[in-house]
Amino acid sequence: MKLSSKINYILLPVMIVIFSIAGLFSYNSQKLQLMSSLSDKLHNELEHISHNLDESLREVDSIARMSLESHYIQKHFEKLQNDTDRYYLEKELVDYINQLETNYGIVESFALLDNTGQEIIYFNVSNPFAKFKTNSIINSHISQINDTLQVQGVAHLNATSYELNKKGDELELLALRTFTPEQSLTAPTFSRGQTLFTAVIRYSISNNSQYDENIKTKVSPETILTITPNTASHSIQSDIDINNISISDDTLGYELNHTLWTIRLALTEEALSKLFRPFQALFTAIVLSVTFVTFVLLKWLIVKQIINPVERLTKQVEQVDSNNLLYIERSRNSDEVSILTNKYIDLITELDDLAKRDSLTGLPNRKRFNQDIDRITERSAKTQTKCAVIYLDLDNFKHVNDKYGHQVGDKLLQVFSERFVEGFVDFEWDRLTISEFEFARLSGDEFAVIVGGLDNLDILTLFTHRIISLFDGGFTIDDTVYDIGVSIGLSVYPHDALSATELVNHADSAMYSSKKEIGRNSYKFYSEDLNREIKRHEKINECIKESIRSNNFYLAYMPIYDTQNSKIVGAEVLLRTTHEELSSYGPAEFIPVSESSGLIKEIDYWVFENALRQLSIWIKQFDFDGTLAINFSSWQLTNTDFVNHLSLLIDKYQIPPQQVEMEITETCFIPGNDKNIGILKSLHKLGVKISLDDFGTGFTAFSQLINYPINTLKIDRIFINAIDTEFTDKQLFDVIVEMAKIYNLDVVAEGVETLSQLDYIQSKGCQKAQGFLLSKPLKEKDFLDSWKKSIERNRIVPFNLG
0 MKLSSKINYI LLPVMIVIFS IAGLFSYNSQ KLQLMSSLSD KLHNELEHIS HNLDESLREV
60 DSIARMSLES HYIQKHFEKL QNDTDRYYLE KELVDYINQL ETNYGIVESF ALLDNTGQEI
120 IYFNVSNPFA KFKTNSIINS HISQINDTLQ VQGVAHLNAT SYELNKKGDE LELLALRTFT
180 PEQSLTAPTF SRGQTLFTAV IRYSISNNSQ YDENIKTKVS PETILTITPN TASHSIQSDI
240 DINNISISDD TLGYELNHTL WTIRLALTEE ALSKLFRPFQ ALFTAIVLSV TFVTFVLLKW
300 LIVKQIINPV ERLTKQVEQV DSNNLLYIER SRNSDEVSIL TNKYIDLITE LDDLAKRDSL
360 TGLPNRKRFN QDIDRITERS AKTQTKCAVI YLDLDNFKHV NDKYGHQVGD KLLQVFSERF
420 VEGFVDFEWD RLTISEFEFA RLSGDEFAVI VGGLDNLDIL TLFTHRIISL FDGGFTIDDT
480 VYDIGVSIGL SVYPHDALSA TELVNHADSA MYSSKKEIGR NSYKFYSEDL NREIKRHEKI
540 NECIKESIRS NNFYLAYMPI YDTQNSKIVG AEVLLRTTHE ELSSYGPAEF IPVSESSGLI
600 KEIDYWVFEN ALRQLSIWIK QFDFDGTLAI NFSSWQLTNT DFVNHLSLLI DKYQIPPQQV
660 EMEITETCFI PGNDKNIGIL KSLHKLGVKI SLDDFGTGFT AFSQLINYPI NTLKIDRIFI
720 NAIDTEFTDK QLFDVIVEMA KIYNLDVVAE GVETLSQLDY IQSKGCQKAQ GFLLSKPLKE
780 KDFLDSWKKS IERNRIVPFN LG
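If you use numbering that gives the first Met the number 0, the sequence shown corresponds to residues 0 to 801, in order.
Since the hints were made in silico from the structure, they are not lab data.
Errors might be hidden in some of the hints.
Stated by the list, open to error - Straight-line distance between alpha carbons at most 20 angstroms, and here's what the computed PhoX-like set of lysine-lysine pairs gives:
(1) K30 - K40
(2) K600 - K538
(3) K767 - K787
(4) K1 - K74
(5) K674 - K402
(6) K600 - K515
(7) K40 - K217
(8) K566 - K397
(9) K775 - K566
(10) K740 - K767
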């Protein structure tokens, strides 16, 4: 499809979407304005209707007050002589009320009742033969007044009551006013014994029918008006409350709440649609016309200014071989095609360089390195020479990055890269030659070198020692020296691998082995033995993962005996597995693998949970009073959540912390490390005991023990085995026991396997022992049986020897 045709499919839909969105926003803006205008109109009409009703209420209240203050009512209380006088009085009162000017309605009837609700005077303006009828509001009003005075004697009463009634489409106000001729009409207080009367006035609101007509004229013919009477009230409300009663975005309605009435005005979805329909048609027409005109104009400009010059450039590019695009001749003209051609060449050149270079160090990146290694291995295959990959990983770099920040880490990588490049510019190869070598940054702190044209592999050793020498004295950045090392792995083509991928992977494996087994500033060549070891490591790792997923682990218990009374005083928790293949390797092999792969974290937590749960069961069911020794890995010394996790488990299972002993192997413990000491002190604060396992095989000096919160030393089995050898070797055991006494530490002898060893450690005052002479690791039931039997013994006997 041509570019001009693609423009139609790309530009037109985009423009339609953009202008439709713009039109929609404009329409919605206009719609909001119209809705706001309608809302204002509905508010005004609600307030207008409520005002008229309120004025009607005030008018009927005024009529009641003037009627009761008139001399006609006063005459009634002067005890008229006969019915004729009463008739003429009522007639005069009717004439008086009829001649009152009213603006909002007319008086339909007037009644005067005594304090029992009996009629004294009643007339109906429109129907002189109508009879007075009481209702619930009249009865309630009179009863409330009588009841209040009956109880209180003198009271401030609600002397007025108002009620709005709806009869068909007509509205009627009912006003009640209680008074006594013995005091002013405005006096609010009444007393028991006064003669009370109640005036009842029915008032018809005359302009009710005009409300609906006015609203349909001013707002919309579909506007719905509803006036609903509320309960009766004793006062005339001055404040009103208008609330939105719309049930969706497509309806508009408001409700005005008054004490005596509720007025609703609403426009339905259909009514609003009629109002919005002209605007919808208008905006649709505008969007379509603007889209069409704009599309035609932009299409013409794009074709003229862009597509035509690009098509001409494309014809030029097609004349050049695809592998030589960078050699398109630059144009010296200033027209659009010439500028585009030159920019195109610059862009391709820049992108090619960026794609193959690391942005931080400027070195070739992994993509460029892969191209180089493919090229060099192909050349080595043709020339029957060798080439090698040297894989580098910076030691201690992560610590610098975490402690001093990525800015320092990035600067460190730049300084190393510069030092490497400068270090091999004038390097003397001692008559050994190489045809070429390329240095690249693969990722993070990992680098690689591909060395080609090797006729003697001795040059690789020379090359590697040169790299290690670059780290002498560390790296100085901003007057700070950073002690960084390097681990190096090497693999050779075609001896170690035939493909570039395998060559790199094997060098990476050799580097990892060097870092693990030798340490910093070291190197290692790839070998078949290393390959077998790596595969074995991977297999063990998979078995560990399977055991974790399938819960194939279980615990065994190595009893610890008191050497003086043969009692089992505790046990060391040992991890075992039912996984057939993993069990063939044994804990001595799969535990170190789990530590190197990071799976030790899950294993540790599994052991902690299950060991402490088991200990809680023993304590509750058997009153077990021994100590359970649980090994924890060196990983926990860097785990900030370790102590808190252990504390939660102790609380969860309600275990006395002094019955828990946490063991750390001395070879995993770094003497003088403040963080290690801090973890041990935090453990000690929990109340648990701490033991240093395999003591004597690490680098802990006796003088340092005073600084460590350690309760127990577990003497390694090599010192126990020495007991059966020369006298001088026995002295090592003696020294450890005596020093432990000085520091008030318990001592446990590990690996006791002969009676002579047992006799000797007893004679030297070693308090506790464990080993195959005493007992092999036991399952839970067997351990409990042995513990119960040991309680009954009070003297040392050959343990478990039949």
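Can you confirm whether the C-alpha distance between K600 and K515 stays at or below 20 angstroms? Measuring from Cα to Cα gives roughly 19 angstroms; hence the hint holds.
Between K600 and K538, does the CA-CA distance stay at or below 20 angstroms? Distance ~19 angstroms between K600 and K538 Cα, so the pair holds.
Restraint status (C-alpha distance of K40 to K217 at most 20 angstroms): holds (8 angstroms)
Quickly compare the C-alpha distance for K674 and K402 to 20 angstroms and report which way the hint goes. holds (14 angstroms)
For K566 and K397, compute the direct alpha-carbon distance and say whether it is at most 20 angstroms. violated (50 angstroms)
Keeping to a limit of 20 angstroms between CA atoms, is the pair of K1 and K74 held or broken? This hinted pair is violated, its Cα atoms lying about 108 angstroms apart.
Please verify whether K767 and K787 have alpha carbons no more than 20 angstroms apart. Holds, because 18 angstroms separates the two Cα atoms, which is no more than 20 angstroms.
Assess, step by step, whether the Cα of K775 is no farther than 20 angstroms from the Cα of K566, and give holds or violated. holds (16 angstroms)
Check whether the Cα positions of K740 and K767 lie no farther apart than 20 angstroms. Holds, at roughly 13 angstroms.
Do the alpha carbons of K30 and K40 lie within 20 angstroms of each other, as the hint requires? holds (15 angstroms)
In this structure, the earlier hints numbered 4, 8 are contradicted, and the remaining ones agree with it.
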